[in-house]
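Chemist: Here the protein sequences line up with chains A and B, keeping their order.
Positions 403 to 898 (this note's numbering) are the ones given, in order, by the first sequence.
Positions 7 to 226 (this note's numbering) are the ones given, in order, by the second sequence.
What the hints contain is simulated information worked out from the structure, not anything from laboratory work.
Treat the hints with care, since some could be wrong.
What the hints assert, rightly or not - Straight line, CA to CA, 20 Å or less: simulated EDC-like cross-link-like pairs of lysine to aspartate or glutamate: (1) A:K555 x B:E223; (2) A:K555 x B:E98; (3) A:K555 x B:D226; (4) A:K555 x B:E220.
As the list claims (entries may be wrong) - Derived contacts from chain A toward chain B, CB cut-off under 7 Å, selection only: (5) R548; (6) A552; (7) S561; (8) D601; (9) L688.
Note that the structure is predicted; figures quoted are calculated from it, not measured.
We put the beta carbon where it would ideally sit given N, CA and C, even for glycine.
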Amino acid sequence: MTSILMLAPVLAALALAASCAWGGPRALLCWAPVAQSAVVLGCGLGLIAVTSPDRIPVAVAGLLRADALSAFMLTVVGAVGLTATWAGTAREDLNPAGRAYPILVVLFLGAMSTAVLADNLGILWVAVEATTIATAFLVGHHRSRRALEAAWKYVVLGSVGVAIAFLGIVLLYAATRAAGSPSLSWTTLATTRPALDADLVGLAAALMILGFATKAGLAPMHSWLPDAHSQAPAPVSGLMSGVLLSVAFYAILRVQAVAAPVIGESLMRGMLLVAGLGSLAVAALLMIAQQDLKRLLAYSSVEHMGLLALAAGIGGRLAISAALLHVLGHGLAKASCFVASGWVLEAEGSTRLADLRLLLARRPGVATPLLVGVGALLGLPPFSLFFSEVAIVVAGVGAGLGWVMVAALALVLTAFVVLARHVLSITLGSTELGSTGLGSRGLGSTGVETASPAGDWSVPGYRTPLVLALVTTAVAGVAAGPFGRLLAEAAAVVAS
Amino acid sequence: MSPSVFAQLVGLCAAVLLLSSVLIVWRRSLSAQVRLLAVQGWAIAGLVIVLGLEERSVELVVVGLLVLVLKGLVLPRVLRRALPQDAAPEREETPLINTTAALIATALLTMLAYLVSAPLRGLDDAPAVAAVPVGIAMALIGFLILATRTHAVSQLIGFLMLDNGIATVAFLTASGVPFVVELGVSLDILLVVLILQVLTGRIRTQFGALDLSELTELRD
Numbered sequence: 403m404t405s406i407l408m409l410a411p412v413l414a415a416l417a418l419a420a421s422c423a424w425g426g427p428r429a430l431l432c433w434a435p436v437a438q439s440a441v442v443l444g445c446g447l448g449l450i451a452v453t454s455p456d457r458i459p460v461a462v463a464g465l466l467r468a469d470a471l472s473a474f475m476l477t478v479v480g481a482v483g484l485t486a487t488w489a490g491t492a493r494e495d496l497n498p499a500g501r502a503y504p505i506l507v508v509l510f511l512g513a514m515s516t517a518v519l520a521d522n523l524g525i526l527w528v529a530v531e532a533t534t535i536a537t538a539f540l541v542g543h544h545r546s547r548r549a550l551e552a553a554w555k556y557v558v559l560g561s562v563g564v565a566i567a568f569l570g571i572v573l574l575y576a577a578t579r580a581a582g583s584p585s586l587s588w589t590t591l592a593t594t595r596p597a598l599d600a601d602l603v604g605l606a607a608a609l610m611i612l613g614f615a616t617k618a619g620l621a622p623m624h625s626w627l628p629d630a631h632s633q634a635p636a637p638v639s640g641l642m643s644g645v646l647l648s649v650a651f652y653a654i655l656r657v658q659a660v661a662a663p664v665i666g667e668s669l670m671r672g673m674l675l676v677a678g679l680g681s682l683a684v685a686a687l688l689m690i691a692q693q694d695l696k697r698l699l700a701y702s703s704v705e706h707m708g709l710l711a712l713a714a715g716i717g718g719r720l721a722i723s724a725a726l727l728h729v730l731g732h733g734l735a736k737a738s739c740f741v742a743s744g745w746v747l748e749a750e751g752s753t754r755l756a757d758l759r760l761l762l763a764r765r766p767g768v769a770t771p772l773l774v775g776v777g778a779l780l781g782l783p784p785f786s787l788f789f790s791e792v793a794i795v796v797a798g799v800g801a802g803l804g805w806v807m808v809a810a811l812a813l814v815l816t817a818f819v820v821l822a823r824h825v826l827s828i829t830l831g832s833t834e835l836g837s838t839g840l841g842s843r844g845l846g847s848t849g850v851e852t853a854s855p856a857g858d859w860s861v862p863g864y865r866t867p868l869v870l871a872l873v874t875t876a877v878a879g880v881a882a883g884p885f886g887r888l889l890a891e892a893a894a895v896v897a898s
Numbered sequence: 007m008s009p010s011v012f013a014q015l016v017g018l019c020a021a022v023l024l025l026s027s028v029l030i031v032w033r034r035s036l037s038a039q040v041r042l043l044a045v046q047g048w049a050i051a052g053l054v055i056v057l058g059l060e061e062r063s064v065e066l067v068v069v070g071l072l073v074l075v076l077k078g079l080v081l082p083r084v085l086r087r088a089l090p091q092d093a094a095p096e097r098e099e100t101p102l103i104n105t106t107a108a109l110i111a112t113a114l115l116t117m118l119a120y121l122v123s124a125p126l127r128g129l130d131d132a133p134a135v136a137a138v139p140v141g142i143a144m145a146l147i148g149f150l151i152l153a154t155r156t157h158a159v160s161q162l163i164g165f166l167m168l169d170n171g172i173a174t175v176a177f178l179t180a181s182g183v184p185f186v187v188e189l190g191v192s193l194d195i196l197l198v199v200l201i202l203q204v205l206t207g208r209i210r211t212q213f214g215a216l217d218l219s220e221l222t223e224l225r226d
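Kindly generate the complete structure, drawing on both the sequences and the hints.
Modeler: See the structure below:
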């Protein structure tokens with residue numbers, strides 16, 4: 403039974419992709435990504451229900467294993483996938499993007515599910531690389547020069563980055579082989595505790611973290627991220643920003659858990675803190691002069707990945723629980739924002755900040771989810787990102803990293819002000835606010851005078867998933883009890 | 007086979023790998039680089055088969071044949087298809103550093119490879135482990151090519167050399183990764199190269215050339 407829950411995400415992906423490829427009906431092409439997300443979410447929730455610290459389901463001769471952390475990540479993949487794909491399903495045109503689009507999205511979701519369920523660094527690597535393969539043509543979907551440039555940079559940098567991680571995996575495997583028990587399974591390594599060579603594992607861990615950090619979009623290896631996330635179709639941007647980055651972050655957590663008993667925390671903590679602060683700084687600075695809504699959201703992802711890297715660097719149960727809550731909240735909020743930005747593009751024909759004004763009055767149906775989603779991303783209470791950010795800072799101060807936390811808070815506040823100003827200027831965009839903004843020159847031409855007083859509540863997609871996602875984000879932070887225990891159990895898998 | 011023959015064969019394969027890497031840096035003609043990359047694929051396959059015979063492992067010999075097909079035949083063929091067939095042979099016209107500087111950098115990177123692989127040589131004093139720095143050097147030279155060459159196919163060659171280097175390290179230190187992982191990795195590499203080949207075709211249609219220094223529309 404449990405092995406069905408673990409195999410279903412992959413098998414469903416293959417079946418749906420095959421039936422899309424061999425002439426499924428138009429409705430199937432339209433709904434296959436939603437169905438796949440629903441399967442992943444269902445399996446994730448099912449695995450959360452059946453897994454417990456003393457009874458962890460395994461499948462395929464131990465290659466797949468669903469401990470609390472894997473089950474949690476699978477649920478996040480499903481939930482964010484459902485938000486992005488369902489809300490992004492165009493209502494009018496049942497076949498907006500041809501056959502390739504649903505096939506690749508479905509395979510992308512299947513690859514992410516495999517990545518979080520694998521109990522083997524090698525399989526994890528193969529699945530992470532498969533996500534690059536599935537998303538390459540999705541990034542280049544629009545076939546414009548910009549989309550092509552973004553796709554090329556994404557595939558080359560992404561593949562080279564994870565190739566570095568693979569070198570690390572190879573060295574780790576060599577170390578385990580020299581110690582007499584060749585294995586890439588973290589469960590085996592954690593239970594048998596072979597006497598590994600510390601120098602070699604240190605080198606391996608550094609390479610693995612460097613490689614997966616590239617995929618997670620951490621500075622200074624983030625340069626592909628804003629290009630890829632801004633050129634992909636909106637639902638795919640939501641999936642990539644909301645959950646693919648987090649899957650790479652999950653890989654870093656696993657690497658840490660494998661390497662820490664051998665080489666201690668200090669090397670990886672140093673790397674992650676530097677990458678985290680660097681990402682916060684890069685995101686805050688590059689958001690200031692940003693001229694495009696989707697690039698703005700992409701840099702906000704760099705910022706949030708920076709926070710996650712800080713949490714992983716701090717380590718310990720509080721920080722890791724907070725990081726997992728952050729993964730969930732950021733995933734749902736960012737997917738909602740990207741879907742809303744896709745609606746903005748459809749409604750207004752542009753995502754340039756200078757072209758957008760008074761959205762809340764003119765297009766409240768599109769602007770409301772954008773505004774609420776960005777509010778969640780900014781970490782306003784009651785959204786869960788507020789609680790996770792506070793918990794990360796508390797854990798950091800508790801771990802004696804007070805000055806790092808002061809620097810991080812300063813950078814987060816900068817990013818807060820910048821993002822809030824940009825988004826307020828396009829949604830509320832009164833003349834006073836616009837004149838202080840960089841993009842005020844677009845004000846005259848955006849039809850402020852012609853805005854109908856009632857506003858246009860229609861949206862080019864489905865509203866329900868965004869409402870569900872944002873409500874979940876709002877409730878997740880304050881829902882203690884079973885949810886808190888789930889986070890604590892998941893964090894306990896990799897943190898002592 | 008006797009230990010000395012084994013050591014000589016491993017040394018021969020490693021020498022071919024390093025030499026072909028240096029020659030790829032030296033040559034400007036892209037079709038010559040692709041041919042050298044195929045030689046590199048054959049050398050890795052030979053290395054794996056030698057290791058398989060030494061360890062009497064059927065699995066490793068099978069992996070060696072897989073490597074031969076993938077790195078020696080299929081990937082070079084895909085790369086050749088990315089090069090224009092009818093027009094004049096394409097060359098790397100605008101590398102960021104000239105050939106002399108690139109060769110000096112290659113020498114320095116090879117020395118660096120010997121330095122950083124010090125922790126590995128603590129594993130074992132077998133001839134296989136002694137050749138590991140060659141794999142690291144190939145990976146670093148692959149990076150050099152990725153960083154300094156601007157032709158799309160040159161970048162593909164750099165990526166594949168990086169991958170060849172990592173594969174060499176894997177086979178020399180641990181006789182390769184587990185078979186399932188090896189299959190997955192091979193499939194991933196093949197798909198990435200196919201995707202990049204398709205993108206190369208699209209870049210040629212959209213931009214008229216494969217010089218990636220043209221790709222400058224997305225920046226902050």
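Chemist: Against this structure, judge whether each hint is valid.
Modeler: Hints, verified against the model:
Distance hint between K555 (chain A) and E223 (chain B) is fulfilled; the C-alpha atoms sit about 12 Å from each other, no more than 20 Å. About 19 Å separates the Cα atoms of K555 (chain A) and E98 (chain B), which keeps this hinted pair within 20 Å; it holds. Distance hint between K555 (chain A) and D226 (chain B) is fulfilled; the C-alpha atoms sit about 15 Å from each other, no more than 20 Å. Of the supplied pair hints, the one linking K555 (chain A) and E220 (chain B) holds, its CA atoms being roughly 13 Å apart against a limit of 20 Å.
Interface hint at R548 (chain A): satisfied, since its Cβ lies 5 Å from the closest Cβ of chain B, which is below the 7 Å cut-off. Nearest Cβ of chain B to the Cβ of A552 (chain A): about 6 Å, under the 7 Å cut. The hint holds. At a threshold of 7 Å, the smallest CB-CB gap from S561 (chain A) to chain B is about 5 Å, leaving the interface hint in force. Contact between D601 (chain A) and chain B, as hinted, is supported at the beta carbon level, the nearest pair being about 4 Å apart and thus within 7 Å.
Interface hint at L688 (chain A): satisfied, since its Cβ lies 5 Å from the closest Cβ of chain B, which is below the 7 Å cut-off.
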